[in-house]
Each structure stands twice: as C-alpha cells, then as structure tokens.
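Undergrad: Now for the letters of each chain:
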Amino acid sequence: MSALTHVKTIQKNVIPLELRPIKLYCVQAMRSVKYLTLAPAIYILITLVFNLNGAQAAAKQTINIAYLTQELTPPAALSNLDPFIKEKGVIGAELGINDNNTTGEFTGQQFNLKKFIVPIDGNVNDTFVKEISSHFKYLVVNLSAAQLKPLADLPAAKELLLFDVGTSDDSLRNEECNRHVLHLLPSRAMRADALAQYMMKKRWTQWLLVIGTNPEDKLYADAIKRAAKRFNMKIIAEKTWEHTYDARRTAQSDVAVFSQTEDPYDVLVVADEQGQFGEYLDYRTWIPRPVIGTQGLVATPWHKTHEQWGAVQIQHRFLEKAGRWMEEQDYSAYLAVRAIGEAATRTQSNELPKLKDYIFSDSFTLNGYTGTPLSFRAWDGQLRQPILLAAPRSLVAVAPIDGFLHPKTELDTLGYDQPESHCQWNK
Amino acid sequence: MMSTSLKWLLLLSLISTAHAENVFVTLEKDNALAIVDPIEGKLLKTVPVGQRPRGIALSPDNKHLYIATSDDNTIKVFDANTFKELGKLPSGKDPETFALNPAGDKMYVSNEDDSLVTVIDIKSKKVLKQIKVGVEPEGITVSPDNKWLISVSETTNMVHWIDTKKNTIEANTLVDSRPRAASFTADSQQLWVTSEMAGTLLIIDSQSKQILKTVNFDVPGITNDKIQPVGVIIDKDRNKGYVALGPANRVAVINAKTYEVEKVLLVGQRVWNLAFSPDQKRLYTTNGTSNDISLIDLESQTVTKSVGVGTYPWGVVAKP
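Chains A and B, in that order, give the protein sequences. Take the first sequence: its position 185, counted from the start at 1, is 249 in my numbering, and no numbers get skipped. Take the second sequence: its position 319, counted from the start at 1, is 906 in my numbering, and no numbers get skipped.
Rather than coming from a laboratory, the hints here were simulated on the basis of the structure. Check the hints yourself; a few may be wrong.
Output of the computed footprint for chain B on chain A, the stretches with three or more beta carbons under 8 Å from beta carbons of chain B [what the hints assert, rightly or not]:
hint : stretch
1    : 163–174
2    : 375–383
3    : 422–436
4    : 468–481
Quick list of the computed label-pair ranges, beta carbon to beta carbon [unchecked claim]:
hint : chain 1 : residue 1 : chain 2 : residue 2 : range
5    : B       : Glu627    : A       : Gln482    : 50 to 56 Å
6    : A       : Val460    : B       : Pro635    : 29 to 35 Å
7    : B       : Ser795    : A       : His486    : 46 to 52 Å
8    : B       : Pro647    : A       : Gln482    : 54 to 60 Å
9    : B       : Asp624    : A       : Leu459    : 35 to 41 Å
10   : B       : Asp666    : A       : Val376    : 28 to 34 Å
Note that beta-carbon positions come from the ideal geometry of N, C-alpha and C, so glycine has one too.
With the sequences and hints as input, model every part of the structure.
TA: Quick look at the structure:
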C-alpha cells in the first residue's frame, strides 16, 4: 500500500493540503474559525505564536498574486525525447501558493493566484493594463526579454512589484534595470561564470566557442566571453554554426570538419539556447573534447538530477502535481511566490512597500533547496543563488565552486557584482 | 579445569564488555550501522541494517535500537546487543526523523513527503494517529515531562506544539527560515530550535511559546551563508548547549544561561547530528561529507579524535 492511500484510509475526511484546490481554503478557514484566536498585538511581532484553541477568530488577510504569460508556438524539435511543454512556470507558481497557504493557515493569511495566459496572437500589454495593473500589486511574469522590457516601462507597472521568471537577459539587470522588477532566473552572466569556475578548477583553460545564429545565442556567447576574461580563460577560436548543411552532408561528417581548429582546445563551449544543433556536437568532434554551455554540461538553477539539501522532497511534490519534472521557469515561479509569502508572513502585511522593504532587507532569506539561503541583490534585483552544473543524468558540480571567495557571500562571485553593475535605479 | 587467574581474566573482560560504551552511527550511503568504541576511539564493526538508514534512537532500557531505513519505508527494531532484526514499525513513507516518548512505548515519525506526523504504538506496532502538520516536517522531539510533542516543518517555518494526550496541534510558533532540529532542556522549560537558512538558534519558552532569544553565530573566516545550524542538544544541568553548524564544519558551544556563544570547535565536514555520552562527559558529532565522527571532550571543550566510520554518517546515539 502506498503511503498516500495509507493516509487516506486513516484520515478519510481530510484532504491533504497539497491536493486541495485553492478555493477550498476559504471553506477550511470558516470551518476552523472557532479554533482561531489571534490577539491583534501579536500581529506586529515577528515571533508569533498562534493558539488554535481559543474562541475568537480574526479575518484572513489576503494577498493576491497575478501570473502573466503568453502561449508559445512549439519550436522545431531535434528529438522526440523531450516533449514540448506548453506552460513552464504556472505549476511552480501553484505549488508556491499551496506552500504559502499552509503557513497562512497557521498565521491567518490567504494567498490567491490568478493566471493570465495570453493567446499567441494576443497583446500582453493590453492584458496587463486592462486586467492586472489596477487589481494586483504582485505580478509573476513569464515573458521573453523583448516582451518584458516594454511592459516594465509602462507607467502603471511602476505601481506593482514584478517577479521576472522568464528571462536571463543581462541588459534587463544592467542598463535596462527597473526598481520594480526582480529577476528570479540566473542571468546569462551568472551561468557563464559558473561554467568558467568549474572549467578553471578542471584547468580546461582553452575554449572553442561555437555560436548559433539566433540573437539569444549571441547574448549567451557574450556572457561566455565575459566569463573567459573574468577567469582568465582563453577562447582560441569562435565559430558560427550556420545551419547550411544539406542532404549530402550529415552531422557526423559536418561536426568533425567544423570542430577542427588551428590551435588545440580543452573544451567546446556551445551557445545554442533553442537547442537547434548543440546536441549534435558531443561525440562527433574531430578531437575528443567535452561539450559545455547550452548543451552537454549545462548551467541551470534547477535540474532533475538534483536531490541534495531536501531537493528530493520538492522534486516529488512537483512531479506528483505536474506529472513531469520541474523546469527552471517552474522553479523560479515557485521561488517568486514563496518570496512574496515569506515577506508577507514575516511582516504580517499585504502592503507592497512593507513587503518590498522586507525583501530587500538583510533579514530576508529564502530556501531554494540548494544548500544556501537565497536573497535578492540590492543593486539590480537579481536573486542570489547557486548554479547547478548538470549533465543529462548526473549532477556534476554546484557553483560557486569551492575556493572562489568573496568578502560578503560567495554567491556574488557569479554574475555582475555590485562594483561591476551598470544598473542605476534612479535613472 | 580453568585456572583461577584465567577465570578472573574472563570475568574482567565480561565486566568491561558489559560496561563498555558504544556509539552507534547510521551510514546513509552504506546501508549500514557503524559501532564505535569512543574510549579507544576506534571503529569496532559495521553491520548491514537496510536501505538508506538515517534517524536512530535507543529504547529507554537500552535494549532496542530503532533505525529509520528511509528507502525501505520503515523503522526497523534491532536488538541493541546482537543487532539482530526484531521487527518493523509502520512508519509511513520515507521516514527520516522520529522521536520516542520518555516511557518508550510511543514513537512519533515525521513523514516529510506527506506533511504528516505518524503516531505509533510500539508494542502493538500499530498506527494510532496521523497528524496533519506543515509542509516538510523534519525535527521532532518529545518534552521530558511528556507534555508536548514538537514537530518542526521546514517549508512552513513552524514549530507545532502537539498535545501528547490528545494528539492534536495546540499552538504554533513561527520561526526563522527552514527550521531543522528541536531539543528540549531537561526541565522541559525551554525548546531550542535551529533554523538552517537563517543561520540562527531560537530559544523558545515552553509556557508562552514565545521566542525568548535569537542566537546568531559568527565564525571568523566563514561567510554567513555557510553557517547552517542543524543538530542541537543541551546538557542535563542546562549549563551548556551545543549546535552543529553544518557546512561551517563547527560545533558551537552556547552558555545556556546567558545564551552567549562561548566557543566554536572545528569538527569534520558538514556536521549534522549530535549525541552526548551517557555520562554527558563527551559529545559525538556525525560529519556528513568527511565520513567520520568527531569525539569531543566536554570538560576541556576540545575535539580529541575523529573516527572514520563509512559513507554519509547521519544519526548518532550512545549506549552505556
């Protein structure tokens, strides 16, 4: 008998919180009204005690969170192994809401998530202005960098706190930064630095950089070049994969020719964010060399091979809820909602200025199941986080790699540290 | 016919065996239990116990050893002298941490995946109740006066105060981020709780359920995010408490009257759980990633030895 059925037989009339639809929380709240007593004075204290045995009930404080995304067209697939996932992110946010509400049950707070999924031909800014901006203070936004920039610049957006769970764009965290936008995914620079630290540790100092033709691939390559400079690695050659091969040429022969260089190299670094050719490189290079970057050994905030620091539990919870592994956008959306929950619980408030102050304060810590407390960088709104270096079926290392030191936190060895940042909040 | 001196020798060795203290350590990745002689400071032997052993406890009469074998989804009962398996308890899925009541007839298990605490009657091996708690319950302990069962939920950041008579939650204390372990003082007046992500130790008054004191740790040369408190225990006279600081590789010594951190002792890597010797003269630590345990002499407050035990030492208990 599985544990879950075991639970059900014992607690016949209790739905496990995880499986309970959000709207049921109101019913649950009313049902437990007579058990709740919350002395108003306790509200202001961070060290709260919640007595469930009293006679009076306090009304629940509600925190409404909007989630905005747009439907995607399935890209051309290299392989049928990885099915196209229509909505990466939403289920992570839902899991976060469930976790927030479990705490909320004990503290008298109710978290609600309203999802806005704009159709492919729709306009996200319209949806934002018409349905979100005047009703919500907290917005989890899963859009491309090209969509997020104009949305974040709307005057109405400044009245909200935006949690970007869809971009890794470095310009959004530097020149284009906004005080009202927090970034949950690691930037390209953070990912590249994580890879560079590991390559440095392995003394794989000579790199061949292979870049795709999409604009995002160039941005990824820029981050790799920045990391190479930062960690004193040498890019011995830079080649663009032009997608020009035809029926007479196969990946087998093409990659071997393509990967020949004048100078020797230790590792091939690939910049192919959409996965259009990167998977072809491994095992087909002219000389035997590992592939890292967007394929091969990847730098990511979350991976299915990760199971340390309690990660197994959240992997299980997500898998049970979604029927698939957690993707990095899901993880980021989970963290975004949990960050709001943590700030609301600690401040016992739903007011934006209070929560925002708390999120940027030194007291704010978030558990991301990666062994280090997470927090936001005060200079650009980027979430400080470890980066997993993962092969398809094995977690190879976790950056920051041991030995890369920092006076404040080693997490700030990844990406743009305060003195390097080009973000000026008061522009 | 045995000579008199030989008889004496035999008798002596019997006495010394009977009184020799043993330290038991679960080895998460070796599926085994390490048995250490802490006086000699050496590993005596390892015995297989089941898949992924983690939580460990001795019955109050020291006859039975309970080990949570997480991947077998059970808590096994062993003879504490022969290590023969005597039975299994219905712990629910993936048991990690559990606690016994002072009488030793009830066991409370954290079921992390299902957000439950399972109450087991040890004699009949029956589940008496499952109590719904916050997300990812971890630390669990019973007050020495048997009044409170404490369950700590990692993701909900709550300490749940459960009445041991009614098996219902009576109060909740919101604590710092990712609480891990909880331990009562011997007089049941205080509950000490560690918060891994906030890097703090919280001292909570059992009467008011309010936090009396937040203890922060500072280790020279270690950044704050490496200070991740896990295991916590307090001596029976409430003079000193000890906290394992995880990847900071230190055990902090806390004055249990002033709550000052008096000292940090360097132990092995990713120090996890702690146990006193039965006479409370020594402290034992499991060091998760350096595969050893540290032996600490509490009178001189020094680490006297580290003993290699096997892969991923997790839980530790000492048997007189």
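Undergrad: Taking the hints in turn, state whether each one holds.
TA: Hint check:
1. 163–174: holds (count 5)
2. 375–383: holds (count 3)
3. 422–436: holds (count 5)
4. 468–481: Per the Cβ count (5), the hint holds.
5. Glu627(B) - Gln482(A): 50 to 56 Å: Given a distance of about 53 Å, which is inside 50 to 56 Å, the answer is holds.
6. Val460(A) - Pro635(B): 29 to 35 Å: With a Cβ separation near 30 Å, Val460(A) and Pro635(B) satisfy 29 to 35 Å, so the hint holds.
7. Ser795(B) - His486(A): 46 to 52 Å: Between Ser795(B) and His486(A), where Cβ atoms are some 50 Å apart, the hint holds.
8. Pro647(B) - Gln482(A): 54 to 60 Å: Given about 55 Å between the Cβ atoms, the range holds.
9. Asp624(B) - Leu459(A): 35 to 41 Å: Check passed, 37 Å falls within 35 to 41 Å.
10. Asp666(B) - Val376(A): 28 to 34 Å: holds (31 Å)
The structure fails none of the hints (numbered hints given earlier).
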